[in-house]
Amino acid sequence: MEEQQSFPELVQQQAGKLLEQTLQHIGLTFISLLIAVVIGVPLGILITRKQGLSRVVLGIAGVLQTIPSIALLGFMIPLLGIGVVPAIAALFLYALLPIIRNTYTGILQVDPAVTDAATGMGMNKRQLLFKVQLPLAMPVLLAGIRTATVINVGVATLAAYIAAGGLGEFIFGGIALNNTNMILAGAIPAALLAILSDWLIGRLQKLRMRKTKKLLYILPFLLLILSSFYLLPAAYGTKLLAGFTAEFMGRQDGNLGLKKVYGLSIRTVVISDMVMYKAAYEKKVDVISGSSTDGRVRAFDLQVLADDRHIFPPYYAAPIVRQATLDKYPELETALNKLSGIINDSIMTELNYSVDHLKQDPAVVARNFLEAKGLLQQEGKGDKGTVVIGAKIFGDGYILANIYKLLVNGYTDLKAVTKTGLGGTQICFEALINGQIDLYPEYTGTGLLAILHAEKTVVDSLITDKQKVYDHVAREFKQRYNIKWLPPIGFNNTYALMMRRKQASDLHITSISELKEYLERH
Amino acid sequence: MIRLEHVNKSFQQGKPAVSDISFEVSKGETLVLLGTSGSGKTTTLRMINRLVIPDSGLIFINGQPTDQLSPEILRRNTGYVLQHNGLFPHYTVAENIGIVPSLLGWDKQKILQRTTYLMEQLHLNPSRYLHSYPQELSGGQQQRVGLARALAADPPLLLMDEPFGALDPITRASVKKEFRLLEDLKNKAVILVTHDVQEAFELGTRICLMDQGVIQQLGTPEELLFTPANSFVSRFFDNQRLLLELKALKLEAVKPWLEIPVSMDGGISCWEALEKMTATQTDSSSLMRAFTLYKQTHGRTTELS
Chain A
1 MEEQQSFPEL VQQQAGKLLE QTLQHIGLTF ISLLIAVVIG VPLGILITRK
51 QGLSRVVLGI AGVLQTIPSI ALLGFMIPLL GIGVVPAIAA LFLYALLPII
101 RNTYTGILQV DPAVTDAATG MGMNKRQLLF KVQLPLAMPV LLAGIRTATV
151 INVGVATLAA YIAAGGLGEF IFGGIALNNT NMILAGAIPA ALLAILSDWL
201 IGRLQKLRMR KTKKLLYILP FLLLILSSFY LLPAAYGTKL LAGFTAEFMG
251 RQDGNLGLKK VYGLSIRTVV ISDMVMYKAA YEKKVDVISG SSTDGRVRAF
301 DLQVLADDRH IFPPYYAAPI VRQATLDKYP ELETALNKLS GIINDSIMTE
351 LNYSVDHLKQ DPAVVARNFL EAKGLLQQEG KGDKGTVVIG AKIFGDGYIL
401 ANIYKLLVNG YTDLKAVTKT GLGGTQICFE ALINGQIDLY PEYTGTGLLA
451 ILHAEKTVVD SLITDKQKVY DHVAREFKQR YNIKWLPPIG FNNTYALMMR
501 RKQASDLHIT SISELKEYLE RH
Chain Y
1 MIRLEHVNKS FQQGKPAVSD ISFEVSKGET LVLLGTSGSG KTTTLRMINR
51 LVIPDSGLIF INGQPTDQLS PEILRRNTGY VLQHNGLFPH YTVAENIGIV
101 PSLLGWDKQK ILQRTTYLME QLHLNPSRYL HSYPQELSGG QQQRVGLARA
151 LAADPPLLLM DEPFGALDPI TRASVKKEFR LLEDLKNKAV ILVTHDVQEA
201 FELGTRICLM DQGVIQQLGT PEELLFTPAN SFVSRFFDNQ RLLLELKALK
251 LEAVKPWLEI PVSMDGGISC WEALEKMTAT QTDSSSLMRA FTLYKQTHGR
301 TTELS
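Going down the list, the protein sequences come from chains A and Y. Residue numbering for the first sequence follows UniProt numbering, beginning at 1 and increasing consecutively. Residue numbering for the second sequence follows UniProt numbering, beginning at 1 and increasing consecutively.
Rather than coming from a laboratory, the hints here were simulated on the basis of the structure. Heads up, some of the hints might be wrong.
As the list claims (entries may be wrong) - Label-pair ranges, simulated between beta-carbon atoms:
{"id": "1", "chain 1": "A", "residue 1": "LEU64", "chain 2": "Y", "residue 2": "LEU58", "range": "49 to 57 Å"}
{"id": "2", "chain 1": "A", "residue 1": "GLY59", "chain 2": "Y", "residue 2": "ASN230", "range": "49 to 57 Å"}
{"id": "3", "chain 1": "Y", "residue 1": "GLN135", "chain 2": "A", "residue 2": "GLY202", "range": "17 to 25 Å"}
{"id": "4", "chain 1": "Y", "residue 1": "PRO89", "chain 2": "A", "residue 2": "VAL56", "range": "28 to 36 Å"}
{"id": "5", "chain 1": "Y", "residue 1": "ASN8", "chain 2": "A", "residue 2": "TRP199", "range": "32 to 40 Å"}
Glycine included, every Cβ here is placed at the ideal spot set by N, Cα and C.
Here chain A stands alone, though its shape is the one from the complex (with noise of 0.2 Å):
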């Protein structure tokens, strides 16, 4: 594995990115703020006027405030979908209720005998609210917009769950990559922001009066000249925009791979992967960093691109099983090889696609691709002995772990058990090493990074070709933990780029080096 960078290296290496995070951050928080007060501000001042209507509306906006910020996000979502826009509704909507409310109780705290002086003077109801009211209720009204913004900085971290970018960005990527620097990153600025933008109204509250009577006028346009932040980097942007995951954000195996080697510059947002093949079918961002066997490749009729200069490492699955095990059945070896070579990456997203999209029973799902393979046999009298055959939680370990209980089942006399969602690879593979379980499907990209945890030297050696690193791990697992790799089963579930499969039909892409010819022809 890679040593961590240093907080001032990486703050150096992603100068840019933080600039453009920064701007986005300041344009989120500030667009909410200046709607929010273009609505908030007459909804006060109207409430002062129709006192029947205050409970009403304090109250709605009193309901909203109590939404936690991260299920308001998740509202949005089916309601506008994912990008700039739902991100903005929901920071507006959190910016509402101080603004609101301060403006209500700042008019309303105007001595009586200066509104009736007003009146009595003989100022019009206009005359009375521009002239009078809301000057005098400016430091209240001020006070609120100051919390609503301090709270629009901070709920704006979230902004990148939903693809609206902002220095959540950095945070999300730090959290998935368990890089605290990176984390740090994110959280200083946005501290920072916070801060800055606190001191700043409570420096404008504290101005003498009649300056805050041109506050009045003066602020509309600050606002929407900091609104107009969040533009800024789309305006210097590319022709497309990816949206790829944090982690993805921060692996050298991912978006610093391919700047480094593929030299690919392409306007990104963090998206969630929850959420991300969706995006791309909605045309929200044009390329994602899916995982190429996953169901929703198929659901949403995406294309992978080809990565023709390999910096996604190979994750080609293979069974990996204690030779204890195999010692003592060796009839088990050939149960399991039937599957070799069998399952390439479209039969696998199709797999996948029946069990995530179509909510087929993984079990079902297995026995019918067996079925039509014609490798159905029927079980054994299963008396000599029992299999445990563990799998991951996600993704392809539960449908490869049915289909090699029936195959274990079908082609011996033992009696195979299935243990699944064992949580991740480091679980799995303790149970394994400790005998819980007895094999399990792995990948080789996992064995070498993740498990064996090899050089620098010893990766860059090996990555780009797949062979080298099947060896590799097999090897090396057959030395330390006495573990056997099997031969793979054919598919490799790796990170992939894809676009929608009529958009890369159109541009004529089909690899990344040409989705990077492609970016800097336009």
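Dock chain Y against the given chain A, drawing on the hints supplied.
Below, chain Y without anything else, positioned relative to chain A:
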């Protein structure tokens, strides 16, 4: 100048706040609405500039019914002084005084001229206070600014709601004195609300004594004292009667009963004459006797009390 005809007002249902009020005030005259709290005096005042809308009855200014004017136009042409001055804390002294003229669209130069003139009249140094904020002034100064603000557009009618009520006695005396001497008031009708009997007698050309929303008596100070309309009126002044009578009575009025002639201007009140005599250590017993004789020949107050 201003005339109220059978004006009524009740808040909520039931008890009327003001019933059947009629009076007239002409130019150069000061009418004091006197009464305890809840007597309806402030409501009466606020109906004149339509901060309170009467239930029935008519109010005329220069013969024109006020309900036919837009309330803004009416108020811009009516000076209004409040007890707690109601100055705008975010406006400077100059801006406060200039509010009504600027609402009326005067040009800036003219507003400034008028503002400095009024400040000088009210002993506020313009070069020092023009750009101060109300909070930086003393209570008396603030009330002077409030007065200047009401007079700024030179309205023919001035309404004053307990204008000196919030001031300490010494400040009150000096502000009142300036107010009485104001050249600008000579051609205005002034209606002033107070619960302070002495203030009413000092400032009022006529006094309208109110109780429970009804006018008990309307007349000159002398009339109220010496020919009270009912027992409420006479009882109302009982605990300061001697002082009030001395103040209300002009020296001239008691001259026929004076044994030793007094070499003082007949226009001053008996009270002022007594004060001067005390200051110069002159014997005042003859004046007091004349005062008693005057009362015996005028009115029925003595018998009543």
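Status of each hint after checking the structure:
1. A:LEU64 <-> Y:LEU58: 49 to 57 Å: Holds: the Cβ-Cβ distance is about 52 Å, inside 49 to 57 Å.
2. A:GLY59 <-> Y:ASN230: 49 to 57 Å: Given range 49 to 57 Å: holds, Cβ gap about 56 Å.
3. Y:GLN135 <-> A:GLY202: 17 to 25 Å: This hint holds: roughly 21 Å between Cβ atoms.
4. Y:PRO89 <-> A:VAL56: 28 to 36 Å: holds (32 Å)
5. Y:ASN8 <-> A:TRP199: 32 to 40 Å: violated (58 Å)
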